[in-house]
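Asks: Residues per chain are reported as follows:
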Amino acid sequence: DQQVKQNSPSLSVQEGRISILNCDYTNSMFDYFLWYKKYPAEGPTFLISISSIKDKNEDGRFTVFLNKSAKHLSLHIVPSQPGDSAVYFCAASGRNTGFQKLVFGTGTRLLVSP
Amino acid sequence: DSGVTQTPKHLITATGQRVTLRCSPRSGDLSVYWYQQSLDQGLQFLIQYYNGEERAKGNILERFSAQQFPDLHSELNLSSLELGDSALYFCASSVRGLDEQYFGPGTRLTVT
Numbered sequence: 035d036q037q038v039k040q041n042s043p044s045l046s047v048q049e050g051r052i053s054i055l056n057c058d059y060t061n062s063m064f065d066y067f068l069w070y071k072k073y074p075a076e077g078p079t080f081l082i083s084i085s086s087i088k089d090k091n092e093d094g095r096f097t098v099f100l101n102k103s104a105k106h107l108s109l110h111i112v113p114s115q116p117g118d119s120a121v122y123f124c125a126a127s128g129r130n131t132g133f134q135k136l137v138f139g140t141g142t143r144l145l146v147s148p
Numbered sequence: 103d104s105g106v107t108q109t110p111k112h113l114i115t116a117t118g119q120r121v122t123l124r125c126s127p128r129s130g131d132l133s134v135y136w137y138q139q140s141l142d143q144g145l146q147f148l149i150q151y152y153n154g155e156e157r158a159k160g161n162i163l164e165r166f167s168a169q170q171f172p173d174l175h176s177e178l179n180l181s182s183l184e185l186g187d188s189a190l191y192f193c194a195s196s197v198r199g200l201d202e203q204y205f206g207p208g209t210r211l212t213v214t
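Protein sequences, first through last, are from chains A and B. The numbering used here puts the first sequence at residues 35 to 148. The numbering used here puts the second sequence at residues 103 to 214.
It is possible that some hints are incorrect.
Restraint-style ranges between C-beta atoms, simulated for each label pair [what the hints assert, rightly or not]:
#1 A/D89 x B/T117: 35 to 41 angstroms
#2 A/P43 x B/G186: 19 to 25 angstroms
#3 B/T117 x A/A75: 22 to 28 angstroms
#4 B/E164 x A/E76: 26 to 32 angstroms
#5 B/R165 x A/R95: 30 to 36 angstroms
#6 B/P110 x A/M63: 24 to 30 angstroms
#7 A/E76 x B/E156: 25 to 31 angstroms
#8 A/T60 x B/R165: 25 to 31 angstroms
#9 B/G118 x A/E92: 28 to 34 angstroms
#10 B/L163 x A/L45: 45 to 51 angstroms
#11 A/S46 x B/Q143: 38 to 44 angstroms
#12 B/K111 x A/Q48: 31 to 37 angstroms
#13 A/T60 x B/E156: 32 to 38 angstroms
What the hints contain is simulated information worked out from the structure, not anything from laboratory work. All figures in this text were calculated on a predicted structure; none of them were measured in a lab. Note that beta-carbon positions come from the ideal geometry of N, C-alpha and C, so glycine has one too.
When you get a sec, could you build the whole thing from the sequences and use the hints?
Replies: Next comes the structure, spelled out in C-alpha cells:
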C-alpha cells in the first residue's frame with residue numbers, strides 16, 4: 035500500500051524554466067510533508083517542508099504547495115539549474131496525529147539541461 | 103556533509119551470512135532511523151530509535167535487528183542474508199522524532 039505516491043518517475047526541464055514535481059498521499063493522518071533531494075552515491079538531503087496548517091512554504095528558488103482537500107503537494111523550482119538534476123523524494127508524517135513514521139514516495143528523477 | 107557517518111561504505115557477502123552496519127548520528131541528535139533502498143525503489147523505513155529505545159518500526163524483517171547504544175550510535179544487524187537483501191542501507195538522525203532527518207551516505211550491501 036503506497037501511501038505516498040510520486041507518479042512521474044522522471045522529468046526533463048530546460049535551464050531557467052520552472053520544474054514542478056508532484057506528490058499525492060492517501061493517509062489522512064499525515065500533517066507534515068517534506069521534500070528531499072538525492073544525488074547519486076549520496077544520502078538524501080532535506081530541502082523544504084510544510085505543515086498542514088499552511089498551504090505554501092517558500093525558500094529561495096524552492097516553493098512547496100499543499101492542497102489538503104486533494105491530498106496533493108507539489109515542489110516548484112524556479113529557475114531550474116543544471117545542479118538541480120537529482121532524484122527528489124516526497125515524504126510525509128503525522129507529527130500531531132500519532133503517525134510516528136516518515137513515509138517516502140518512490141522519487142522523481144529531475145534532469146535540467148543547459 | 104550531513105554529519106551522519108556510516109560504515110562500511112560497501113559490503114559484499116554471501117547468502118546465509120550475517121553483517122553489521124554502523125551509524126553515528128549528528129552531534130546532539132537523539133533519534134536514529136534506518137532505511138532500505140532497493141534498486142529503483144523508494145526509501146523503505148525499517149526502524150527508529152530515540153535515546154536508546156525503539157520508537158517506531160516499519161517493514162523490518164525478523165532476520166534484521168537494530169540497537170542504539172548509550173553513546174547514541176546505532177547498529178543494524180542483518181542475518182541469514184538472501185540475494186534480495188542487496189540494497190543501499192541509509193541511516194538518518196534528527197534532534198527528536200519526526201523533525202527533518204539528516205541522512206548518512208549509506209552502506210551498499212551486495213549479497214552474492
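Asks: Any hints from earlier that this structure breaks? Give me their numbers in increasing order, please.
Replies: Per hint list: 1, 5, 6, 9, 10, 11, 13 violated.
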